[in-house]
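Novice: Each chain is listed here by its residues.
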Amino acid sequence: MSNHRRRRHRHVRRRTQPGAIPGTIAPDPQSSRPQMQAFLYGKGELVEHAEVQLSEVGGLIGKQPVLWLNVDGLGDAATIETLGNLFHFHRLALEDVVNEHQRPKVDDYGEYLFIVVRMVHGLEQVTSEQLAIFLGPNYVVTFQGLPGDSLGPVRERLRQASGKIRDYGPDYLAYSLLDATIDGYYPVIEAISDRLELIEDETLAGGDEQTMQKLRTIKHELMTARRGIWPQREALGLLIRESHPQISAETRIYLRDCYDHVVQLIDLIEVYRELLMDLRDFYMSTVSNRINETMRVLTIVSTVFIPMTFIAGVYGMNFNPHISPWNMPELEWYYGYPFAIALMLGTVMFMVYYFRRQGWIRLRWLFPSPEPPRHPE
Amino acid sequence: MSNHRRRRHRHVRRRTQPGAIPGTIAPDPQSSRPQMQAFLYGKGELVEHAEVQLSEVGGLIGKQPVLWLNVDGLGDAATIETLGNLFHFHRLALEDVVNEHQRPKVDDYGEYLFIVVRMVHGLEQVTSEQLAIFLGPNYVVTFQGLPGDSLGPVRERLRQASGKIRDYGPDYLAYSLLDATIDGYYPVIEAISDRLELIEDETLAGGDEQTMQKLRTIKHELMTARRGIWPQREALGLLIRESHPQISAETRIYLRDCYDHVVQLIDLIEVYRELLMDLRDFYMSTVSNRINETMRVLTIVSTVFIPMTFIAGVYGMNFNPHISPWNMPELEWYYGYPFAIALMLGTVMFMVYYFRRQGWIRLRWLFPSPEPPRHPE
Amino acid sequence: MSNHRRRRHRHVRRRTQPGAIPGTIAPDPQSSRPQMQAFLYGKGELVEHAEVQLSEVGGLIGKQPVLWLNVDGLGDAATIETLGNLFHFHRLALEDVVNEHQRPKVDDYGEYLFIVVRMVHGLEQVTSEQLAIFLGPNYVVTFQGLPGDSLGPVRERLRQASGKIRDYGPDYLAYSLLDATIDGYYPVIEAISDRLELIEDETLAGGDEQTMQKLRTIKHELMTARRGIWPQREALGLLIRESHPQISAETRIYLRDCYDHVVQLIDLIEVYRELLMDLRDFYMSTVSNRINETMRVLTIVSTVFIPMTFIAGVYGMNFNPHISPWNMPELEWYYGYPFAIALMLGTVMFMVYYFRRQGWIRLRWLFPSPEPPRHPE
Amino acid sequence: MSNHRRRRHRHVRRRTQPGAIPGTIAPDPQSSRPQMQAFLYGKGELVEHAEVQLSEVGGLIGKQPVLWLNVDGLGDAATIETLGNLFHFHRLALEDVVNEHQRPKVDDYGEYLFIVVRMVHGLEQVTSEQLAIFLGPNYVVTFQGLPGDSLGPVRERLRQASGKIRDYGPDYLAYSLLDATIDGYYPVIEAISDRLELIEDETLAGGDEQTMQKLRTIKHELMTARRGIWPQREALGLLIRESHPQISAETRIYLRDCYDHVVQLIDLIEVYRELLMDLRDFYMSTVSNRINETMRVLTIVSTVFIPMTFIAGVYGMNFNPHISPWNMPELEWYYGYPFAIALMLGTVMFMVYYFRRQGWIRLRWLFPSPEPPRHPE
Amino acid sequence: MSNHRRRRHRHVRRRTQPGAIPGTIAPDPQSSRPQMQAFLYGKGELVEHAEVQLSEVGGLIGKQPVLWLNVDGLGDAATIETLGNLFHFHRLALEDVVNEHQRPKVDDYGEYLFIVVRMVHGLEQVTSEQLAIFLGPNYVVTFQGLPGDSLGPVRERLRQASGKIRDYGPDYLAYSLLDATIDGYYPVIEAISDRLELIEDETLAGGDEQTMQKLRTIKHELMTARRGIWPQREALGLLIRESHPQISAETRIYLRDCYDHVVQLIDLIEVYRELLMDLRDFYMSTVSNRINETMRVLTIVSTVFIPMTFIAGVYGMNFNPHISPWNMPELEWYYGYPFAIALMLGTVMFMVYYFRRQGWIRLRWLFPSPEPPRHPE
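Chains as they are written, first to last, in numbering that gives the first Met the number 0: chain A, 0 to 376; chain B, 0 to 376; chain C, 0 to 376; chain D, 0 to 376; chain E, 0 to 376.
Watch out, some of these pointers could steer you wrong.
Each computed DSS-like pair below joins lysine-lysine, with the alpha-carbon atoms no more than 25 Å apart [as the list claims (entries may be wrong)]:
id	chain 1	residue 1	chain 2	residue 2
1	B	K218	A	K213
2	E	K42	E	K163
3	A	K62	A	K163
4	C	K218	B	K218
No lab work stands behind these hints, which were simulated from the structure alone. Keep in mind it's a predicted model, so treat the numbers as computed, not measured.
Next up, chain A with everything else stripped away, as it sits in the complex (with noise of 0.2 Å):
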């Protein structure tokens, strides 16, 4: 329960005080503080940094054609404004980076982009994370709130010089960065739809009464990925049809390849969500007509029986057969109690007849098939 309240619940905090000044730095208190990493490449060489003082920033700007400088942790409103003095980010922006919650996005702001998006982790369980990306003439810098992400084979493919990442310049980064992040909702999706096929088997099994709880899990997950990929697709397509200078036209065809993987994406999520909603229905129409065939069963064994107690208990009134001949003269023959029973047998006979004849009985109700029982205990 309480993860639940937690997951839901960033939906909505953490942001700024309402009113407070526009372009307030305000990082969520239980963040922790950052942690920074550079790379500066160019088409001969890399250096790598791995771990980079705040001191240390201003003089890696434009030493190498590309310098990206990845922050992890967005616990300190100083670091972040001192960075953002460095590179000249708008208070805006840097706002947005520590305020997790933003939607995807591309903010043009002249001399550099801001962009947004957001990974997804998790295979039990769905969460994301916010990635906010500033591409500069000369310079890409990321923001994340969590150590962990997707971009590692970005990192790998840099110092293995592989794919010729080296030879393009930061827009050909950034856009890795991107394909990266998208790039991580495919295991995810895969997840969820295996899980639904999990749960589809139990349905055709008969299900259980956690069938209904976990398909609305699921549902939510989708959902929560759903809204990341979303909006993406609108920021790339910004990205692609208007022209940025900081945005070479080779680098724009590997965007729409992204653009392509975002709208895939968004494709699956949607078949997902409909066969989620199928199953859903089916399961419910297949418990429903359990319930009813099972009572309509045991109405017919009450009605056959109904008759039977009403003979036996004609026959159980203590009217008088020694005063007058029309007092119950069975009760006196040779052959009553055989006849009684005669009678009842000819009741039900005739009401299983009769209900066969409506379609109200059908034999194999009575001799269950060899089939495993559905609904083991």
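Given the structure of chain A, go ahead and fit chains B, C, D and E onto it with the hints provided.
Specialist: Only chains B, C, D and E this time, still in chain A's reference frame:
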């Protein structure tokens, strides 16, 4: 009930009489008399007038680079007309000021912009209030029906000259007012989110008869918030896209930030609306399942007893065993009674076996689990 | 029933015969003969003709800056054709005038604008009526089927020269007519709102069998209002956006205000439609719950009695206790009868305990709360 | 059944073989041989050819200002190809002519326009038929599969030279055909409206088992009409907005009128679709309520008898009252039997009182109102 | 089950590793080795190479006006890279070729167009396969994963030079391939339509427990077809609207025809989806009605017997009639037993009369109509 009635009526009541002259200023008779406060400021200084008389207003215009005149209470047509004449406001705009149920919008009257937004209040019950803003070359005039508002932080920043608000012109002041208004939605949405969680907890514990009604109330409040914020998206979009002489390029960047918040709020409301609908579906399926299960168990109990009662009925028949050996000889058997009891028990055992085989009975129904009872009294 | 039938038919009936010559003026045979009134006015003076003969119309055109000719009743093709010829109206426009089920629209015929709107009437039952407006350089000609209309206040303002209506040209008059028409929707929507509230109160008190039907009726009336107002949004939008020589810049501002009212009305109708749907869902879930609860309680009552009846049946068996000590010795016990009664009571107590433990019985069902009964006779 | 199957199949069958050469003219083998009629006319005169041979067609082109050639029956590929060559029609257009399931559309082939629309027929069961129109500089060629059509009035107007149809060019003729086609939808929609009303009356009187099926059928016919008319909106919109040399400005005004009718029809269909859905919901809720009420009353009857039967069972026990004063002394009481009856009556009265207090019984259930029975046999 | 699982997984699996270098060609390991066929042709002649080696491809380019190289099987990265280098294809396009789950799209790479579409197969179960088309100045290169395809008729037309396909350039060939792909959807949709009709017949005959599952399966297959065809609408629209040097004006007309087919297919799929949903609703309401009717009849049977059983119980009480004249004198009456029987019959007759009056019993329930039983075993 009466509360509810009043709230709903406010959607439609208290408009100018149908067919009245356009531009008729017909204040709500229940509205209080206007109270005015003014801030006059420029880069260097700030003069605050806590209470301004109508006759003083003319003298305040143009005395400082920026004049902010705030009017609380719309109950006096003459005051509003006099103000309108002083600032040359269009009669239609003044009519909208006193008809407090305008949709949020931006009207460009050439010399000044007329902006209408809605503020929301209330953590227990959401209400909304209209804020009308006139943005001219050297003034901002705001009108609102009730004294309380979300604008306190802006006043504080003016007094303390924090965030350089005094360095900018009236456009930045108008932006600050819009921003404060929009920020006022966050705590309201957060409170709704908290109430929704409470109901979710209740529902998972079984829910009660008020659950549907509570969900319905929250839905209506979400819709109230949505109606307040949704048209602001379009209005702000117009402010940003179209060029107005009253708004500087720098302020436009701030308005873009404002726009992002509006979009984020709309997303949040959509998220909670969807959660709410899911919760409603879940609650209804829970209730339906519980009742069905109950009915099933009860029906099974009846069904098990019916054949036993029938057997008892048979041996309660009054056939005379002395007349013939066919007439209920069991009655005269030495072990007749144990035989009948055994017959009954055998029937029960067969039925329980058969029902379990069909999956209609589960043992745990009979031996309820040690978990806390789900529907405490 | 017949009322209903008539109303629905009006959606489709009384069009010109399929395949008729375009521009055929085929008046509704049930429509009354045209009655004409005219207002001639300029800045200084106003002449009102309460009844105008067809032969006089030609002489009125151009006598004053503005001529407003209103035609009530469309039952005579000749009159309408003569008027059409006098003012040079296009035959297609005249065909639309007498086919009173046009969608609201604005057609630009160069020399004049042809505007069709719908007025709504009726607080008990909503009906709508077509108003056709021709706006020319120095005249406004209006056609309507029935004498009553929403235009009374405009006539009054003309007579009293209030609101400077006589200072403006025919475009302002046309605007005033549109505005009065749109204002006429407010009391209608308000009446629907009141009826909806009444039904809400009834529903909270349990509702009755008419509730569904009443909700359905209100929904249809909301839809009637919506069909009348919705296309006016588009039509007014066109009037405002496109430049027409007949409409001055000043009037355009007034039309914008009109447009705001239309959007507000559409919003209101949407709000009430949603409230209505919610109310329907709530009512249906209430009904379903109430019936389910009833069934459950009744079933529990039966279930509690069934084992007791069984025990009574057992001791009603006729086994002869004198034959053996095994044959129902209880019958001969000194406390046999109290033992049987105790057995029955014990069974009931166990079942009540068990059912309460399962959450199937709640004590308050048996001792109804002192609150007023929810389903009074 | 077979009717139904045939209708549905027509959505998809009888296309050119998959992968056939584009422009293959593969007529429906069941289509009849083409029959041609021609109208040649100008301002002054009209020549009608009731039956035109293929060899004569070439000689007719250009003899008069306008040639209207109508082809009924598409069963002969050679004829259609020959006509196509005479008029220089594109093969793809000819392919569309014989594949009679095109969506309504307008294709501009430069020299001529190719217009496809759908006519609807049938007051009992709605069917639709394709009408293909080629509009060239001095001719209109129309193709349809079956002899009957909605174009009779146009022929009549040509013959009688009424409405000046002969004064205009082929564009006005094409407009007249479109208009007649669209006018043909009105009686069809009206018939559907009448059937819907009948069903509404039936539903208010309780409905029967065919109601759902009837509603389903009407819905499908509405959808058939909608599929026929909906794409004509877009097609006509294109005709009006884009400038085509074949269409004069005057005709464009007429086409605008045509467009208005299409929009009105779409609105009407939407209205009836909504009425139908409401009616379905209402019927389903009526049925469900009726069954629930029945079940409730029956259950109450049972519940009232169960305790009485129990009491009778108690006094049917065979405890020997002679053995002890504790053993059913009531059996030997002077007023024992009246006491038992009184006990039973008391139980019933208590239960009826209790059930009424709970709102489960209403007296009018027992004494049905004198209104006509709602569910007559 | 396993089939199903495989199908669903294909939506998402087998993408390049997350974070891999963009343009990585990672073929599906289960894909077969590429097999190549080539057609070289111009107006006069055609050379067909049934099997082309990788080393021969370079020599084929430019030998004839048009080269069509088709590659079946995508299991070898080296082959695809070599081909990409020969034709100068962009790496991102090649990556899309082997990731066979692209959305249909058209990418303009300047020198050539890259077109992705989906073919559907299967009358029993719908599957889809990707077809990637590179359209260059003098070549068309196609890639597909599996040997079978819908392109056979195009090959045949090339060989037989029918339809002048050899007179046109590669753009017409690409069009022909697209057209053949789209034509391949028709038989698939038709098969779905046939299956839907079968289910409709079953449903009208009562349906069985598989009906819901079958409908669900068909819905998923419709969705598969829809996902394949829907994005082709947008892609083809782009091809038609935007000017590409590779596509001639004449071919553009053919593409427009293709576009019409896509729109028609989307309409058809929508029609069948709606039919399916209606059928599902109808089936569910049928099932629910049937069960409700059954329950009602059974309940009525019980209700009729309950009072009779009660009367029997009363006369089974053991009050001693000899003690007083008040104690069940009926037992000693001469016609006591017939009186009791008459009492019972009277009760039954009253109840049947009352129930019929209320509309709860209809005679035809008891005497089922001679129509064939609706739910045969």
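Novice: Any hints this thing doesn't respect? Which numbers, in order?
Specialist: none
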